[in-house]
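Asks: On the provided structure of chain B, position chain W as indicated by the hints.
2 protein chains.
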Amino acid sequence: MLESELMHLLSSAGFQTPRFKHIALESPIEIDFYPIALKIESSKIIHKSDVGGVEISLADTSQAEAARQQILNHIAKHNIMLDSQDGFIATAMIQGEELFAGVVNDPIFGQIILFGKGGVLLELYRDVCYIDIHADEAEILRALRTTKISKLFEGFRGTTPMMGEIVEFIKNLQNFIKTNPTIRECDLNPVIFNAKGLHVVDARIDYHANTQNPASTVRIRPNFFENRNVAVIGASNDPNKVGYAIAHNALSFSGKLYLVNSKGGTFEGHRLYCSLDEIEDTIDTAVITIPSSHVIETIETLIPKGAKNIIIVSAGFKEVGDTRSEERLSELARQHNLNIIGPNCLGYYESTRSLNLTFGSSSIKKGSLALIAQSGAVLSSLMDKATQEGIGFSHILSAGNMADMGFADIITMLTDDPECEAVSLYAEGIQEGKAFLEALRRCTKPIRVYKAGKSPQARKAAFSHTGNLSGDYPMFRGLLESVGVKMVDSIEALLYAQNFENIAVITNAGGPGTIITDVIIERGSKLYTLSDSDLQALDAILPSNWSRNNPIDIIGDARSERFEAALRCVDQIDDVDLIYLLITPQMMTDTLNIVQLLDQPWNKPVFPILLGGAMMSEALLFLRKHSKPCFTTLHEAGAFL
Amino acid sequence: MLESELMHLLSSAGFQTPRFKHIALESPIEIDFYPIALKIESSKIIHKSDVGGVEISLADTSQAEAARQQILNHIAKHNIMLDSQDGFIATAMIQGEELFAGVVNDPIFGQIILFGKGGVLLELYRDVCYIDIHADEAEILRALRTTKISKLFEGFRGTTPMMGEIVEFIKNLQNFIKTNPTIRECDLNPVIFNAKGLHVVDARIDYHANTQNPASTVRIRPNFFENRNVAVIGASNDPNKVGYAIAHNALSFSGKLYLVNSKGGTFEGHRLYCSLDEIEDTIDTAVITIPSSHVIETIETLIPKGAKNIIIVSAGFKEVGDTRSEERLSELARQHNLNIIGPNCLGYYESTRSLNLTFGSSSIKKGSLALIAQSGAVLSSLMDKATQEGIGFSHILSAGNMADMGFADIITMLTDDPECEAVSLYAEGIQEGKAFLEALRRCTKPIRVYKAGKSPQARKAAFSHTGNLSGDYPMFRGLLESVGVKMVDSIEALLYAQNFENIAVITNAGGPGTIITDVIIERGSKLYTLSDSDLQALDAILPSNWSRNNPIDIIGDARSERFEAALRCVDQIDDVDLIYLLITPQMMTDTLNIVQLLDQPWNKPVFPILLGGAMMSEALLFLRKHSKPCFTTLHEAGAFL
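For the protein sequence lines, the chains are B and W, in the order given.
Going by numbering that gives the first Met the number 0, 561 is the number at position 562 of the first sequence; the sequence numbering is gapless.
Going by numbering that gives the first Met the number 0, 521 is the number at position 522 of the second sequence; the sequence numbering is gapless.
Bound conformation, chain B alone (with noise of 0.2 angstroms):
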């Protein structure tokens, strides 16, 4: 498409482009919007810069003429003959910062918006965000506040404020696709903004190859939490398998449980049924633990039994390269409205009837947390983390290869379930991710997400090329981002659901309490400040060379009576949403009598840092055998914020 031509049609979608007037290859030029571009108009010509097709900042016609004269010698050089077809293309200069407006065609996520800074600074800051091409507008103020750029739509040094205009111009990038299907990526660059507004000053389409398929359609799924008759398949007495860890795990539900071994006696007392045959009751849920060989006749013996639930712990599948059987699973889950879970997973847990189908941790407390994670491993390092720490959930679910049920089916349906108050989920790759992005438009409740492969030389490479950002984590973080997901650093902090905006700390020294404050900062979280009010009830039970500031010093000197004091006045403060007491080993210090004060019970919750090593040891043991969460660093006390 000429140039001229891509600017009708941008012009007429709404975008706002330069003055510009096409001139005859012989004709004079005549111009009345100077200063401007000249450029080479030919399809013969595909990149006009680099046959020297192209003059800027040309102020008259003197100026122009001249120009023109050097694109012709320049295209003479390279041999291209120009006839009657080819022209110029007389562009006004437009002045104003240099932005970058595109829509990338994301193998994960589709067409997704890329907006933010351009020219040479796009790849040296990368102050780019991400927007989905169904994003609302909260979606997309949301993400156009990630960039540092946004600052100067906002109304920087006086400027008047465009927010509006760049929301708008998004808006009407997103129609742009959605109205024309065939365009596949397109490239507006660069975008300039001055006080008018933004200008389309160039631009490159991509279309489409074929075309696209159908946008698949959503099934309509049974409730995975509707568990009253399961199978374990695979139970075994055996201690060093997993069918074992399982069937134990199992024991405490309180629907009805089928325990299933072809070789049949009994398990822990329980009876072993040598096949599903016979049991004689339906079954709603079945959790598959046999080798992967004999997985797909089990789901197909499982299927006239009335199952709507498969959990497929058995290995063997897509990881070790069959993708057949996995394909196979796909299928039966589709023609036969399965949700199938796995293969190659944990498990499952739900804590409504005490259902604990996982090989992992026996003694899962219930809580409202509802854990997703993608690797069995993370899974049972966090539901081992969480017994130490007394952390409870509501569902805990092992992904697995996800043949059938991915994130986002996942998410749809906990979005509904009233026993989970909060979602956390550790993710390494995704596939369908409008469907995801969907997922948790639609969920309400708090999500925590933690990505891993994050790997610079995957990003620098995919960076290097604009139209390659695809792919890679700054996308995943700003799209999750822009729709309210809080994107978190560390695993550790997928445990918390909550978030604490105003935090007290009470400290015995001033030198952790200074660092603890650089780390609460940081994450993005405040420090209470203390009230009149506060400061005269505390110096009420404080000496005289307290702190009079959050973090409440309360002096190397103080033993557990003035901690506990410090603590109840605190723990009395309406604003406070959490607090830290941080103890460092000094020499009058009883750590294990302060720490003791977790016993009782607090309306805040109270973590306490235990800043040192052995001289903290002991009140560590206290701590985790009275299952209460414990940081040992500063960091890590700030990592879950």
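In short, the hints are calculated from the structure, not lab data.
No experiment lies behind these values; they were computed from the predicted model shown.
It cannot be assumed that every hint is accurate.
[Said to hold, decoys possible] Residues from chain W that keep clear of chain B, each with C-beta distances beyond 12 angstroms, as calculated:
| id | residue |
| --- | --- |
| 1 | P160 |
| 2 | T178 |
| 3 | K262 |
| 4 | S274 |
| 5 | P584 |
[What the hints assert, rightly or not] Output of the computed footprint for chain B on chain W, the stretches with three or more beta carbons under 8 angstroms from beta carbons of chain B:
| id | region |
| --- | --- |
| 6 | 75-86 |
| 7 | 123-135 |
| 8 | 394-405 |
| 9 | 481-494 |
| 10 | 614-620 |
By construction, the Cβ of each residue, glycine as well, lies at the ideal position given by its N, Cα and C atoms.
Replies: Relative to the frame of chain B, chain W by itself:
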């Protein structure tokens, strides 16, 4: 100074400036270097832009004449009467990237150059670096390369590399400042970068109001590390007193030790001298823990006894507002050439003669790391952690209020001491920045620094407890990095002096292996690439489905035998600097047996990471009991890299 005079000054100082011409108020504009900017020049007008005195991008005489009339109209509106003294300056417009160069007069570091991206993006991206006016070429380059904009200078997208020109510009600016000692601060803004180098387009210079004080002369101090006769003043039998802990810790000293307490008697079988007069020997070094009101008279008594080194543990000086006593301490130090550490500190340790004059840990292991800290609590926490992890020290120095010896003095002394092979420093605020930089420059040992007080809130907290200015963090970090210091992001990283470049990970799980890869890359270290012979060696001992890549995933069913075989193999690889043993709680994992491997001698440092909680506690206890380092989160494990 008029702009034309300023441009003459800069031009004669070797800076490229744009062509310009002075035009008298009434003369016609005759210029042969269009496009130009036209600006009013008048001693009556300081801020030209504010009165509409600047017009830019003028393409020819008619535009210039029109602009002149515009400017005169604007000025007339501001009721400024121009006369024959006044005129215009016409300056050639220069195209290119807008940069900023400036010299600020920092209260801590003195005159420092700021250089980086300019214009409106200066505030948005803060992509600037900090260069001491005494920095040499290596420092300048190190600083420049911390900016993203420097990629433009290195030859970006095929442009000619111009780093040499940039360095020359900085050197020229250093020279300009040094040869014009009346200049206090200056802004060269904007500086335009293009293929012809850097062009100073506008500038502002501030001069000193008064003549400067001459730089303070450097004192030749006695060597702190020659301690033969040591006195503990304030030794006490009351175990709740600091004087008890110090006297107790000091008993391990292999030189002559004198314990002083006005009440006399004995301390753990050693004589307590009632006063210094009773001691006939000379005293090299004294530690003082008596109430602050008696400290100065005690020092006055120590001077005739030959004391050179005085460590004042006693608090109650500047930090509680008593600046007069604190000034008296500095005065005494200067008059009698004493080395005074403190006041308000935790004490001093040196390994050579087992001299522990701290009231921190009593069992300090000998090592080669000198640890200096401005907070006693941070120091005691780190000492306690070091005890737990078996880390040793050559020196430990609690700086306290730094009435006399500052970081510069301490580092200078450590520079020449053969026992110390690396230095770690925890800093909150510093005083003489230039001397500090010079000391760091001269010290060729690896130096790590953690700086507290990054946020304004934390700076406030730091000031309230040491009374020292904390300063601007980016400047502190930038300058220290330019002299080769490694800035670390956690206090625990101060315990690790060695830099690990090439890391191997042995793990029983893929997911956590991916995460630790991200962590290692983020910290700027590398994962060692397995060679063909490494692969062969590992193939011979591992199951066929191991990862054949580093992280070396030895599969979830790995027990201690397989961990040992893999470790034995990787420990032989020359280029590996560090091995992480990443253990997750899986069904077969015999974690205790695995960590017991660490009791064997290995060629490389082997750091276990125990991911999880309750199931890891036995192994964790084993490692603690055997004074081995151990990490329980992946981010903690990477924090010291």
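Asks: Each of the hints needs a verdict: does it hold here or not?
Replies: Against the structure, the hints come out as follows:
1. P160: Nearest chain B Cβ is 15 angstroms from W:P160, so the label holds.
2. T178: At roughly 34 angstroms from the nearest Cβ of chain B, W:T178 sits farther out than 12 angstroms, so the non-interface label holds.
3. K262: holds (21 angstroms)
4. S274: holds (26 angstroms)
5. P584: violated (5 angstroms)
6. 75-86: This one is violated; 0 residues, fewer than the three required, reach chain B with a Cβ under 8 angstroms.
7. 123-135: holds (count 3)
8. 394-405: violated (count 0)
9. 481-494: holds (count 4)
10. 614-620: holds (count 3)
Hints 5, 6, 8, counting from the list given before, are not met by this structure.
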